[in-house]
Amino acid sequence: MLAMKEKRPVSSAVIKQGREVKESRDFILDNELDNPQSFELEDTAPDLIASSQLQQNELFLPIENPEAPDDQAQLEFGGLEKPIFAMSVEGIQQALQFHYADNLLESLEAQGVQVPYQCRDGYCGGCRTDLLEGEVAYLQEPMAWINKGEILPCCCVPKTPLKLKIKG
Amino acid sequence: MAYQTFNRKKFDALKQPMFFGENVNVSRYDVQKHAAFENLIEKQLSFFWRPEEVDVSKDRADWQGLSESEKHIFISNLKYQTLLDSMAARSVNAVFLPLVSLPELETWVETWAFSETIHSRSYTHILRNLFTNPGEVFDDIMVNPAILKRAESIAHYFDEVILTSQLLYSQGEGTYEVEGRSIEVSQRKLKERTYLAVCSVNALEAIRFYVSFACSFAFAERGLLEGNAKIIKMIARDEALHLTGTQHILNLWRSGADDPEMAEISLQMHDQGKQIFLDVVEQEKEWADYLFKDGSMIGMNKEIICQYIEYIANQRLSAIGFEPAYDVMRNPLPWMNGWLVSDNVQVAPQESEITSYLVGAIDSEVSHEDFSDIEL
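Heads up: the sequence lines are chains L and E, in that order.
Under my numbering, the residue at position 162 of the first sequence is numbered 162, and the numbers go up by one with no gaps.
Under my numbering, the residue at position 267 of the second sequence is numbered 267, and the numbers go up by one with no gaps.
Derived by calculation from the structure, the hints in this document are not laboratory data.
Among these hints, one or two may not hold up.
To be verified - EDC-like mimics (lysine to aspartate or glutamate), calculated; alpha carbons at most 20 Å apart, straight line: (1) E:K274 <-> E:E261; (2) L:K167 <-> E:E323; (3) L:K167 <-> E:E310; (4) E:K79 <-> E:E226; (5) E:K71 <-> E:E226; (6) L:K167 <-> E:D327; (7) L:K165 <-> E:D327; (8) L:K165 <-> E:E323; (9) E:K293 <-> E:D140; (10) E:K149 <-> E:E160; (11) L:K148 <-> E:E323.
Unchecked claim - Far from chain E by the CB rule (all over 12 Å, computed), these chain L residues: (12) S88; (13) E90; (14) Q93; (15) L96; (16) Y100; (17) G125; (18) E133; (19) W145; (20) K159.
Stated by the list, open to error - Some but not every residue of chain L turned toward chain E, in silico, with C-beta under 10 Å: (21) F85; (22) Q114; (23) P116; (24) Y117; (25) C119; (26) R120; (27) G122; (28) G126; (29) E141.
Only a predicted model underlies this, so the values are computations on that prediction, with no experimental measurement involved.
Glycine residues also receive a C-beta, built at the ideal position from the N, C-alpha and C atoms.
Build out the structure end to end from the sequences listed, making use of the hints.
Listed below in structure tokens is the structure:
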């Protein structure tokens, strides 16, 4: 599960690369010997992007160091329960929780909450939902436009307990 | 200044607005002002399909078993979609390409238009299979008043932008007599007309096709004309992506994240932009009226389809910051969603399509386990 590994907001692949490279110095050293110039380019790229100040969504991806693979890549802690987050949806009395689901949309549907949807792949925006409280992490970059305070449940999971308001 | 296919000026491509800035010179995608368009291009490319991949041969037998009123519904929809997609492909190229000033948006417009041409080709594929002489069907499109009326209402907004930009870039600002009417031309007027054209194409992608989609899927729910429904499903998937593209353009303008003057125009022309959307909803309801004039089909009638149009219209109005205009709270055709889910799209039953799959991709992820059977 991507969501529980070390996360860091990135706004584009270039930034991600730049940071990743800074993180794993060993990796750099190996490569610098082969191709010293390539990393000067990498270092300037993030500034160039930051100056345009257009970051619509934060994408949380795990940062993997090829030299030190994560032993707990799968979120299976022996004998321990998976994290459960309480959720509430405006207008619905029933107590809800996020527990064992690939994404928030599936979790809500499994508990009988109807959310409008279309593509279930982050590009149509059909499931746009208001996030009143809490935080979510995206497992894949949402392609549809999202206004401030909105989330796409089809491609995110909770990071904290959530309070939602379904549109329509 | 006239449009240049090669703009010799040096400028910062990241500082250009989406439209009306410097003409694009180098199509570079290493850095982007609006990365969303690059993502859309990649998604659209991963959706690539060809009409010939879908076997429609069984549809001919189904077609012959339809009642006359059902035949009218099916064939009218195909005619309407054929004309709309021909126009969509042409208009986005002709209207937006000369005005666009970001490489990623320029390429998105081209990719978008190309996928519309695939749609046009697929209608010919379907019709060729159903009719010995499909020519008669195509010939009827240009003389069918119900279809022409809808097409003209879209074309108007596109043609205004094209005429204004041609006059502005060749003659400069002023008032001109063109074909017996006087037209005011200025940079501001061009921006206003472009805003309306984007509103119009947004409504086209959001609403116009969905009555026809719903009918095709309703046939397939009964096990009829399933080859056609498979093609329509792929078209619907593409159209949803195109809609995301126009929503991004409108929302970027509205939020002021792009051209400040366009933010002003979005506010000033809010009512006109919304009216375009509402007009399209009304025209689609009229279209439903025309479709069901000789009788309805099982599982679908005029009232249900009109409610469905209002339901999706509400969603799509709020997606671009307009207030929802209709009372429908629930999806009256819940089974439609099953046809619009991206993952279910299959060409042939035995080969499901995975959209994240890339041809020729190499998995570069290496874990410790991969070396477990290697000894030194």
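Taking the hints in turn, this is what the structure says about them:
1. E:K274 <-> E:E261: Judged against 20 Å, a Cα distance of about 19 Å means the pair holds.
2. L:K167 <-> E:E323: 12 Å, holds
3. L:K167 <-> E:E310: Distance of about 15 Å is within 20 Å: holds.
4. E:K79 <-> E:E226: Distance of about 18 Å is within 20 Å: holds.
5. E:K71 <-> E:E226: 15 Å, holds
6. L:K167 <-> E:D327: 13 Å, holds
7. L:K165 <-> E:D327: OK: K165 of chain L and D327 of chain E at ~18 Å, within 20 Å.
8. L:K165 <-> E:E323: Distance ~17 Å between K165 of chain L and E323 of chain E Cα, so the pair holds.
9. E:K293 <-> E:D140: 18 Å, holds
10. E:K149 <-> E:E160: Satisfied, since the Cα-Cα distance of roughly 17 Å is no more than 20 Å.
11. L:K148 <-> E:E323: Within the cut-off at roughly 17 Å; holds.
12. S88: 20 Å, holds
13. E90: 14 Å, holds
14. Q93: At about 19 Å from chain E, Q93 of chain L clears the 12 Å cut-off, so the statement holds.
15. L96: Label holds. Min Cβ-Cβ 20 Å, cutoff 12 Å.
16. Y100: 20 Å, holds
17. G125: 6 Å, violated
18. E133: It holds; E133 of chain L is separated from chain E by about 21 Å at its closest Cβ, greater than 12 Å.
19. W145: 5 Å, violated
20. K159: Non-interface label stands for K159 of chain L: nearest chain E Cβ at 23 Å, farther than 12 Å.
21. F85: 25 Å, violated
22. Q114: 8 Å, holds
23. P116: Because about 7 Å separates P116 of chain L from the closest Cβ in chain E, which is inside the 10 Å limit, the hint holds.
24. Y117: 6 Å, holds
25. C119: 4 Å, holds
26. R120: 5 Å, holds
27. G122: 9 Å, holds
28. G126: 7 Å, holds
29. E141: 7 Å, holds
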